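Asker: Start from the sequences, fold in the hints, and give me the full structure.
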Amino acid sequence: MKLAYWMHAGPAHIGTLRVASSFRNVHAIMHAPLGDDYFNVMRSTSERERDFTPVTASVVDRHVLARGSQEKVINNISRKDEEQCPDLIVSTPTCTSSILQEDLQNFVDRTSLSSKSDVILADVNYHRVNELQAADRTLEQIVRHYLDRARKQGTLDRSVTDTPSANIIGISTLGFHNQHDCRELKRSLRDLGIPVNQIIPEGGSLKDLKNLPRAWFNIVPYREVGLMTAIFLEKEYGMPYVSVTPMGILDTAEFISQMEKLVNAWASVLSEEKVNYISYIKNQTKFVSQAAWFSKSIDCQNLSGKEVVIFGDATHAASITKILVREMGIRVSCSGTYCKHDTEWFNEQVQGLCDEIIITEDHTEVGDTIACIEPSAIFGTQMERHIGKRIDIPCGVISSPVHIQNFPPGHRPFLGYEGTNQIADLVYNSFNLGMEDHSPDVFGGHDTKEVSTKSLSTDRDLNWTPEAGLELNKIPGFVRGRIKRNTEIFAKQNDITKITVDVMYAAKEKLST
Amino acid sequence: MKTLEIPTFECETGNHHTFCPISRVAWLYQKIEDSFFSVVGTKTCGYFLQNAPGVTILAEPRYATAESEEGDISAQLNDQKELRKICFQIKKDRNPSVIIWIGTRTTEIIKMDLEGIAPKLERQLGVPIIVARANGLDYAFTQGEDTVLAAMTHRCPEYDCYAMSQERRDAIDNVEEMNAAPAGSDRSNPKGRKLNNQTLVLFGSLPSGVASQSNSESKRQSIHVSGWLPSQRYAELPALGEGVYVCGVNPFLSRTATTLMRRRKCQLIGAPFPIGPDGTRAWIEKICSVFNVKPDGLEQRENQIWDNLRDYLRIVIGKSIFFMGDNLLEISLARFLIRCGMIVYEVGIPYMDKRYQAAELLLLQQTCEEMETPMPRIVEKPDNYSQVQRMHELKPNLAITGMAHANPLEARGIDTKWSVEFTFAQIHGSANARDVLELVTRPLRRNNDSILDWGSLSRQTLEI
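If you read the protein sequences in the order shown, they are chains A and B.
Using the working numbering, the first residue of the first sequence is number 1, and each one after it goes up by one.
Using the working numbering, the first residue of the second sequence is number 1, and each one after it goes up by one.
If you're looking for bench data, these hints aren't it; they were derived computationally from the structure.
Here the structure is a predicted model, which means the values were calculated and not measured.
Honestly, I wouldn't trust all of these hints.
Said to hold, decoys possible - Straight line, CA to CA, 20 Å or less: simulated PhoX-like cross-link-like pairs of lysine-lysine: (1) A:K474 <-> B:K31; (2) B:K81 <-> A:K2; (3) B:K111 <-> B:K81; (4) B:K81 <-> B:K91; (5) B:K111 <-> A:K2; (6) A:K2 <-> B:K91; (7) A:K2 <-> B:K92; (8) B:K417 <-> B:K395; (9) A:K72 <-> A:K116; (10) B:K319 <-> B:K395; (11) B:K417 <-> B:K319; (12) A:K210 <-> A:K152; (13) A:K261 <-> A:K282; (14) A:K2 <-> B:K85; (15) A:K508 <-> A:K474; (16) A:K116 <-> A:K152; (17) A:K207 <-> A:K116; (18) A:K186 <-> A:K261.
Said to hold, decoys possible - Simulated restraints on C-beta separations: (19) B:M261 <-> A:A66: 22 to 30 Å; (20) A:E365 <-> B:R262: 44 to 52 Å; (21) A:D61 <-> B:F9: 17 to 25 Å; (22) B:Q124 <-> A:R128: 30 to 38 Å.
Said to hold, decoys possible - To give an idea of the chain B side of the interface with chain A (calculated C-beta under 7 Å), a few residues: (23) C20; (24) K43; (25) Q50; (26) N51; (27) I73; (28) Q89; (29) S208; (30) Q213.
Ideal placement from N, C-alpha and C gives every residue a C-beta, glycine not left out.
Answerer: Following this line, the structure appears as structure tokens:
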């Protein structure tokens, strides 16, 4: 047992649900007690999703504890099959089902005989993997399931497309800026004359999965979700993949030149013309992206040598570390990730770029490190943003876990050339705000709220009793001023000079808006 | 208590969305200032707590998850040793006056003997440990508070008749002193009137402001509230015992009511709940009738409140509403809104205690008769999928629903109000009737008809 206040990565079933509900027309049924379907709340609020989240719970209650699920899971699956006719129903185990050790596989086997939908059991061990690993696994499982079946049925089309094409693997719901990144990737590929064959899981259709191998190669923009699928496709279907994250100018260039290699490899086989992307990279870097110019400008000069701490998932923390050090000349005092399962890769990536590497799932350890270093800015998750708030250090959010504010309606990619612009903004604004905060302090502050009062509060003929004063202090800060003013207006109108608790309530009844 | 026969009562499959009862700790830890809540569960519980209460988790909360690992589940680790380690850590870091263990589905399934371990650890630790089994196997959302309060009932000091009457004399003196000052309360509480000689304890956690409003409402009728369960601090829990009258302020506290009656021999006043001016009046009237006090000026006061609500009533009259049901406040809210002139199609509710809510149900029935509207159908353990189908047919003006359905329903042209807001907004007592209507009318006041003319904002087709 361990005492936990906060976790960076969620439990396994969240990962499975993220993948399942990203695909089109896939329904997930969780074997879980009442209240465990909060994934629906997260998706509906954070992503501002318009459609009902295709996740239902087969509720585990006392009866299930006593007698086992028996027909319950089966009935729930068949019912969903009839009501919504999904292409696939993913039976999702939770911590509860893993402890109950019910034979979910048996339920799945039984229902798949009668239902029109396909039914599979997500193969994730609750105690061994976290949200990200589970998402990675589930995606691979679904892809494998449909490719194996297509192969058996002989419907697999193994011919590659005429022109170079790519699959984008790992874009999913509730992923950090995933929608924007996806759009940006598609734009870059279009610029380069590489059509997108398929994007999975987001918006992907299961019927199309059998065409995945027709692409020339795969792109895995994030390490956390999609890598297993890419490795599977390489092993079984000989499809190469690019796993460099195109974040920042240098890595985007690296990403494009790796694609160039892969395209040319196929081109020579198909005796087509070779491509050369160097001029594209140059033009984009110099003139489309503002990031290179920003690094050279005097704005960025002011940032050089400033200390920062970076923390997030492996992909984002590593990429941002590289950008700040190599592209902006900022000193990264500490870089870290909560993706313990990817420690080796992360170390390799940031080795030599930062003073210290921290790999932990304990947010207090991160907090202590930040407090100890006292950097000029933090780049982290929402948790680090709050740590920063507490000790007055600005923070730019670069990775999940995030809040609704990190699902902006506007176009805010982190990947590709437009992404470099966004990151430059984010970095510069974080520092700039910090400076702004400090300089007024140097001059004793320019806050004048002590002097000017436009409220009635300065009226001395009104008298608050100590009880009423106490009561007033219980009112949340952001409405307290208004309540005080309303009460005083009310008191004046009614010729009351002594404000008691009763007067406050009377005023509330009369005046509250 | 007699139960009421409701002709429109149904029970569905229970496939509905609600919060897990452990979410109530996020509220209770703020109410009981010197407490620490430790949820004994898995990552699933922790992640829920971190996501549902939102930002509060980041403000150094006095709650945390004691996260079970594989070794705990397979009993390779000793529960008592593990819990001991955790409790000592909590004591060292936060030094609370009480630690509350929230049992979850995990502790239920692996049959961890929390009730057995707690007294042993309590002795070693020197800090009281209360066990509340608030799990999703048995309960929904606000019922979490019910289990905590029921457990806390056992820790209240024993009611001592003599000591209490002394205390009450002091209280009466205080009240009289205070009455001398303000002009407002002089009228409603004439100086000569002595406070009634009964002991009344109210149960249900309300924000302290609302609690003192309720205190002063009953003080107007010369009834002194001698304590609240829960109190602001653990050390201030009210005395309970034979001769103490108790009355609930929330509809989801049936276990607490039962425990108070059976285990602490208190007398329960079964009243409608003080939500809305009608509910508040009926609540006070019921308490008065038990204490043989003739209520004073209540009708006038209620009318005055209704008068103040006119601007909001204009918006809601004739509008229809559909409660999907997730927090057990539904019956009381429906009753208030029918009185406001709304038409209620359906009241979904996770669990319906017909005995504890008897007076509220009766008031609902009376309200329907007086307002000449049919009794809404009450659906226990609703099935969300069927409810959405019904909503497509009924096309209510407003759906009171959880966050999981709010945005999808909005996209389909049905205005919604997030039900959870009712559980943490101030909705009790006459003074807060406005706040309830403020919440209910918010979606109705938004003027976005021009956008809705474009039709549904969802691409998903509707299958009815």
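Asker: Which earlier hints can't be squared with this structure?
Answerer: none
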